[in-house]
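A.B. asks: Same order as they appear, the protein sequences are chains A and B. Numbering (the working numbering) for the first sequence: 1 to 309. Numbering (the working numbering) for the second sequence: 1 to 309.
Since the hints were derived computationally from the structure, they do not count as laboratory data. Take the hints with a grain of salt, since some may be wrong.
If several chains are the same, the list does not tell them apart, and a pair holds so long as it fits within one copy or across any two.
What the hints assert, rightly or not - No farther apart than 20 angstroms at their CA atoms in a straight line, the calculated lysine to any residue pairs in the SDA-like style are these:
hint, residue 1, residue 2
1, K220, V208
2, K67, P267
3, K148, P96
4, K219, N69
2 protein chains.
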Amino acid sequence: MKRFAVLALLAASVAAGNAWAQDAADSKGPKAERHEFVISNFKTESGVVLPQAKVVYGTYGTLNAAKDNAILLPSHYMANFHGYEWLMGPDKALDPSKLFLVATELFGNGNSSSPSNTPEPYHGPRFPVTTIRDNVEAVHRLLTEELKITHLQAVVGFSMGAQQAFQWAVSYPTYADRFVATSGTAKTYGHGIVRLESEIGAIATDPVFAGGDYQEEPKKGIEEFALVWEGWLFSQEWWRQELWKEGAKPGTTFESFVENLKTNFIPGADANNLILQMRTWEKHDVGSTPGFNGDLANRSVFSGHRCEV
Amino acid sequence: MKRFAVLALLAASVAAGNAWAQDAADSKGPKAERHEFVISNFKTESGVVLPQAKVVYGTYGTLNAAKDNAILLPSHYMANFHGYEWLMGPDKALDPSKLFLVATELFGNGNSSSPSNTPEPYHGPRFPVTTIRDNVEAVHRLLTEELKITHLQAVVGFSMGAQQAFQWAVSYPTYADRFVATSGTAKTYGHGIVRLESEIGAIATDPVFAGGDYQEEPKKGIEEFALVWEGWLFSQEWWRQELWKEGAKPGTTFESFVENLKTNFIPGADANNLILQMRTWEKHDVGSTPGFNGDLANRSVFSGHRCEV
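Please take these sequences and the hints and turn them into a complete structure.
C.D. replies: Here's what the structure looks like:
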């Protein structure tokens, strides 16, 4: 239920628009600086070497002289770095006047290296399936090589951001004081894979998709993808109590709410990008970290560290 | 959880084949007689009058002279009348040597009147959306006019069969001593509609479907429909514990299990039939019974009757 509660909270916060809307950093939001970090010849777990791997990120606040006030906020599915701004402010959990917040964007979101923005030979469906560990490795290099940060106060992540927080706790257990993972898991189990495959299949069923080599976006397939996802986004009780009415525009009906979410789920998203990040999600398993031999329960992983789940 | 437990039980019972397999009434099964009941000029709630509405049903055992040993078993989604045989036997809940069991098939299953077997002008996608109440009315006429049964020991239904049991309790509250509804509801709420629409949309996204006027079955769309449904069929914990391994053929893998269910979900099912019964499911609401004014909680409905849910 916690997953749905947080998702509902997230969705409610953007009820006027769409579930994943966070582009519009309005004038009342915290002030961000946008950056890009490029790694040459980045070797992914798949074996593919990306000539240029780009990580887009935003920063809030100022890194202090001791460099000990940094917190990492890795993005969730198809999010950009603005996705955590609802947690930021002088009276909120993350205060940029005291902290240096680094919000990174996952490969495949359309800004960081993605199927949609990578040149041949790794364009479109040829882009390698980057793993959560690939993302953690790239961000680790960004933090240590570019920002010269040797320690974090915390890694805070929601959903696929939580997947990254768990992987950070395994790959770099002493690098942060805290790992805060909400609505995410250390491994994607069978159900998650079946659900995600059904969402990938929705896009692929549209012949316009053409195996990823489409000439135009497969609009019908993406709408069906959104409709399948809509069934998983909120709890059965949430629908039963008609909580979509909270914060809805006047005149909103059940039908118009469902239709709006179906047609405006992740506006402008590229089909190959949507699929790439679902594959990243599916493959996640901290137990497959080299040296762990699939032992998800290896207690040494988290011993001595504070994980807030 | 009860829903998933029963579904898992059902699926486990047919693990060697497919989730809805019940055609093969093997030699060890109870002996059934197949019948058809045809109603002329059957007026559906939609307003459409079907010139010939056919209800296929099976009977087990013998109606005694007093006609007081009958139990009704209305079918679940896309089932035929064999769907309750796992409950029948001398040492099981329903003993045909003592009881007269009447197992009816819902409109739209391909045997009873359906999009696939109805002549013009109500063929294919032109077949009216029959409601659960339409089905109850047709079966009430079958029982009273054809079989001359004035009272039932029970109405026992699973899933869409439970929807029918609830509707029987509202439409004919004194007609049976007991209404036994498992894994079904008295009304389809928002979540059920969104889930079913995502499954309908999966079929409709396949251009072969052609709005229901297809020249061949939309195979890709039906497979995607099955994959979406697969995510809803078993619980997250069921997948996590890999309970698909129970009773699986040697060599079965997660991938082959998922693929087999996707490609053999409801073998031979017609796309318009699949959709028709989902629309029947969506529209179900005992509160919309004429005279109830949407009052699902009308306590008088169930007062004095034993409902086992």
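A.B. asks: Now, for every hint given, state plainly whether the structure supports it.
C.D. replies: Now for the hints, and whether the structure bears them out:
1. For the identical chains of this complex, K220 and V208 are neighbours both inside a copy (9 angstroms) and across copies (14 angstroms), given an alpha-carbon limit of 20 angstroms.
2. Neither within a single protomer nor between protomers do K67 and P267 lie at most 20 angstroms apart by alpha-carbon distance, with minima of 37 angstroms and 63 angstroms respectively.
3. Only within a single protomer do K148 and P96 lie at most 20 angstroms apart by alpha-carbon distance; the minimum there is 19 angstroms, versus 79 angstroms between protomers.
4. Taking CA atoms no more than 20 angstroms apart as the test, K219 paired with N69 passes in neither setting, with 44 angstroms inside one copy and 56 angstroms between copies.
The structure is inconsistent with the numbered hints 2, 4, although it conforms to all the rest.
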